[in-house]
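Protein chains in written order, with our numbering: chain A, 1 to 139; chain B, 1 to 817.
Every clue listed holds true.
For lysine-lysine, the following DSSO-like pairs were computed, each having C-alpha atoms within a straight-line distance of at most 27 angstroms:
{"id": "1", "chain 1": "B", "residue 1": "Lys579", "chain 2": "B", "residue 2": "Lys611"}
{"id": "2", "chain 1": "B", "residue 1": "Lys448", "chain 2": "A", "residue 2": "Lys2"}
{"id": "3", "chain 1": "B", "residue 1": "Lys612", "chain 2": "B", "residue 2": "Lys576"}
{"id": "4", "chain 1": "B", "residue 1": "Lys625", "chain 2": "A", "residue 2": "Lys118"}
{"id": "5", "chain 1": "A", "residue 1": "Lys79", "chain 2": "B", "residue 2": "Lys423"}
{"id": "6", "chain 1": "B", "residue 1": "Lys448", "chain 2": "B", "residue 2": "Lys517"}
{"id": "7", "chain 1": "B", "residue 1": "Lys810", "chain 2": "B", "residue 2": "Lys229"}
{"id": "8", "chain 1": "B", "residue 1": "Lys423", "chain 2": "A", "residue 2": "Lys112"}
{"id": "9", "chain 1": "B", "residue 1": "Lys94", "chain 2": "B", "residue 2": "Lys12"}
{"id": "10", "chain 1": "A", "residue 1": "Lys2", "chain 2": "B", "residue 2": "Lys374"}
{"id": "11", "chain 1": "B", "residue 1": "Lys639", "chain 2": "A", "residue 2": "Lys112"}
{"id": "12", "chain 1": "A", "residue 1": "Lys112", "chain 2": "A", "residue 2": "Lys41"}
{"id": "13", "chain 1": "B", "residue 1": "Lys697", "chain 2": "B", "residue 2": "Lys764"}
{"id": "14", "chain 1": "B", "residue 1": "Lys639", "chain 2": "B", "residue 2": "Lys612"}
{"id": "15", "chain 1": "A", "residue 1": "Lys2", "chain 2": "B", "residue 2": "Lys450"}
{"id": "16", "chain 1": "B", "residue 1": "Lys546", "chain 2": "B", "residue 2": "Lys605"}
{"id": "17", "chain 1": "A", "residue 1": "Lys38", "chain 2": "B", "residue 2": "Lys423"}
{"id": "18", "chain 1": "B", "residue 1": "Lys625", "chain 2": "A", "residue 2": "Lys92"}
{"id": "19", "chain 1": "A", "residue 1": "Lys112", "chain 2": "B", "residue 2": "Lys605"}
{"id": "20", "chain 1": "B", "residue 1": "Lys584", "chain 2": "A", "residue 2": "Lys112"}
{"id": "21", "chain 1": "A", "residue 1": "Lys92", "chain 2": "A", "residue 2": "Lys112"}
{"id": "22", "chain 1": "A", "residue 1": "Lys112", "chain 2": "B", "residue 2": "Lys546"}
{"id": "23", "chain 1": "B", "residue 1": "Lys612", "chain 2": "B", "residue 2": "Lys545"}
{"id": "24", "chain 1": "A", "residue 1": "Lys41", "chain 2": "B", "residue 2": "Lys423"}
{"id": "25", "chain 1": "B", "residue 1": "Lys639", "chain 2": "B", "residue 2": "Lys584"}
{"id": "26", "chain 1": "B", "residue 1": "Lys605", "chain 2": "B", "residue 2": "Lys625"}
{"id": "27", "chain 1": "B", "residue 1": "Lys423", "chain 2": "A", "residue 2": "Lys101"}
{"id": "28", "chain 1": "A", "residue 1": "Lys112", "chain 2": "B", "residue 2": "Lys625"}
{"id": "29", "chain 1": "A", "residue 1": "Lys41", "chain 2": "A", "residue 2": "Lys118"}
{"id": "30", "chain 1": "B", "residue 1": "Lys460", "chain 2": "B", "residue 2": "Lys517"}
{"id": "31", "chain 1": "A", "residue 1": "Lys118", "chain 2": "B", "residue 2": "Lys423"}
{"id": "32", "chain 1": "B", "residue 1": "Lys545", "chain 2": "A", "residue 2": "Lys112"}
No lab work stands behind these hints: they were computed from the structure. It should be emphasised that the depicted structure is a prediction, and the values quoted were computed from it without experimental measurement.
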Amino acid sequence: MKRTHIILLVFIALSIGLLVSFMGNLSTYETIASARQKEGKNVTIIARLDNSRPMEYHPITDPNYLSFYILDTLGGHAKVVYHYGKPYDMEKAERVVLKGKMNGDVFEITQKDGILIKCPSKYKDDPENAKKNLSKTDY
Amino acid sequence: MDYVGEHLMPGKLGQFFVVLSFAGSLVATLAYFKTANGASPEEAASWKKMARFAFFLNGLSVFIVFATIFYIVHQHYFEYNFAWEHSSRNLSPKYMLSCIWEAQEGSFLLWMMWNGVLGTILMFRARQWEAPVLTLISFAQFCLATMILGVYVFSFQIGHSPFILVRQLFQDAPIFQRADYLSIPQMQDGQSLNALLQNYWMVIHPPILFLGFSSTIVPFSFAVSGLWKKQYGSWTKTALPWTLFSCCVLGTGIMMGAAWAYESLTFGGYWAWDPVENASLVPWLVLVAGLHTQVVYNATGHSLRTTFLFLILGFSLILYSTFLTRSGWLGDTSVHAFTGSGMDLQLILLILVFFIPAIILYFVRFRNIPHVAKEENTWSREFWMFIGALVIFLSAVFIMVATSLPVINRAFGTNWSTGDDQKFVYNRIEIFIAIILGLLTATVQYLKYKNSPVSQVLKKLWPVTLIALIVSICISVFGHIQYTEYGTGYQGAIHLALFAGIYSVIANAAYLFGTMKGKMKIAGASVAHIGFGILLVGILISSSKKEVLSHNTTGINLPFDPKTKENPLENLTLIKNVKTDMGKYYATYLTNDSTNPAGNIIYFKVNFQDKKTGESFDLWPNLIKNTKGMENFSNNPDKQHYLDRDIFTYISYANILDKQRDTSGFKTFPVALHDTVYYSKGILILDTVLVNPSTGKYHFTATDTALLAQIRVITRDSQQYRMSPLLFVKDNMIHRVADTLFEQNLAVELGTVMNNKKIQLLTKESADMVPFVSLKVYMFPQINLVWIGVLVMMTGFVMSILYRRKILVKKSPERLS
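Okay, chain A solo, but in the shape it has when bound (with noise of 0.2 angstroms):
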């Protein structure tokens, strides 16, 4: 066998190895529901803000405590608490992607990147911002 065939498998061995690693250590998507079944398990969720609950948020009391209800399309809902400050339009979030673990009845995140706010017109332009804008009867 010519060294380069060596080199070669090596790389293949590491690259199967990265892999099998990096897949190891994979979350998957869940549902509220299904997240709950996998209590402990780190999970991601997609889901919207429950408004008609409290999102509370007492930053002079604890800027790094923040509890706000989720719903998602299958019915379920959730209680969520997030260790750190309350990230910017939280309430005009269309969709929330959340990164954490069930713990009883709570979603808990503990990583400052464990949410991701969907905003309508966070960074790009949405057209259903303008068309609303364009549809203002108030003239």
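Please build the complex by placing chain B on the supplied structure of chain A, with the hints as guidance.
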């Protein structure tokens, strides 16, 4: 309907040139193809004339389209969607440029402009490679032109025209039933440029990045031309300066984006492994791998096959990254929240139309690509450079797979996601890549091509290694690098990588001044590798020693989950004018100010005082009102620079953001004299109650009915305050004057007097009463090393470009004018 006040002329002119650029690129592609495959020199020459003309026409049209868009934005012609959606009246001219590249169409245009410029240079420089190389570049121009064409073929829309009118885009909106719709308020001004993009880096970063994107087609085209014309090896020397140029400019563009992220975003750093960042890093890594194999081929004849592969992949990955960042498929994994533009199919086709033919051609010709049968010697430079290139490539593949999870999920119906600790997913792999690359860049230059005498290499290497070892051990021991968050294994890897980085700097410097005797002309590679080493050390120190300064040390007992891995108490609330203990510093929120000319920024003046040195400085972190939503804010950090560190702060919350009224009511406590009442941060003691007081600001007489309570407040941190709420009767009405203690967010009121010598004390605690900010403060030590490393690395690239071009001119002066 005849609409009033529209300016349709510029749009028609612009659209004409869009079509002309499209037609020009098509003609140029065909004519250059004919030139390249010309049967006779005469035939080729006549085709070439036409091709050059068409390519030039295409480039000119693109510039005119760009100028027209700028004119429309500059004149505030809001009937055009481009101006209405991306600009506004109060936008300063430099940001009018930014708003052009913010738009999908504008950035494609920028890409085409650079293609035009690079193509024109190649027209005069590439000599016998002009025809095949420009066939491919013209074809790229053709593909990009379809992105801004905006025509319908049956029901399929090809591209988005930058000249579409608002009323064409939103035909159903009721306002367009009026002929004078332009006089309506919402048509009088545009939606403006996103606040986060109103930053000087956003003026310069996109053009440089797109020059980088655009330049990657040059090595790609040379490689494909080599396969196409079956001249496998003769293009590599001519193309080498272009590969270097690509690496240099793309790298600079990426790091300018990092600088912007550092200065204006709140990721808490310059790199967050966000899919958008990764998408541009991956092609750069692959090109750097290709650069090394290309150098190896030029010197030894080895590695030509891998060079072809890497250069083809480099450009294909640029197209893939264009797809990733513009399709909206990354929506759930990127903070940059891309919305899809409905051009997914067109973007996928753009990748395939280049990648598939190129890779097929590569495999068809693979057997014919010359290679050296004899293997590289283990003690040769080319062998280890090849290994290094493979490691870089492997790292690129890993980053690409991890970034592509959303694409993989869509393709295979899986539902994988990276865990909640996204950065570590990458860091734990990349740290080992960094160690290997650091060691290779340090040592491989000491090897000679073909074969090197072992004893000689070791003789030169051991003193350098020893010095590097001593320096890095000193830094490891005395530098307080205690990063134990991920265990000792990872901490060990950090120290190893630190050694590798220092080794790379010292060994390359020694090589430059020792072996090469300081000849700067040929030192490009050494300088670039020194830069890489400095960058690596900078990344390691600034990340592992990054410190959150805003630890909550106010003594307020905060309930937090002991199960969290790190202490997440990273935001500190400052009440206006209250000096607050913040670890190494005292922090005081002084004032806020929104008197900037546009009136859309609220600055918060925060004073920091170093406890040890007493040194004090003010920072102005601010909130920018997002003009697109009018109520949204974006936060913009501020920092204090030092040579060896940055103190970096941003507002995570401010009472100004608190729109909801506080609804918590008063709590009632019946108290007698000297009774104690608890509140969340301490106690209240009712000292006395004065009847009809006439002291201080109150002057009651015996005929009045008034009670003034004197209350002592003792806080948990043993501060004492006095409060005196008042109750009086006037005109048969009870009036109450509450007293507020801003420092404690406490309001106290007197309720009714009870008959058992008690009085009702009403207390209320609320966030609404006082102006405050919550902020996060970081310290980035040695962040300057990161920027210096990048600058040195890019200087090395430029030196190499100059040197390689010089060799080319010297060797064949008739070939290159």
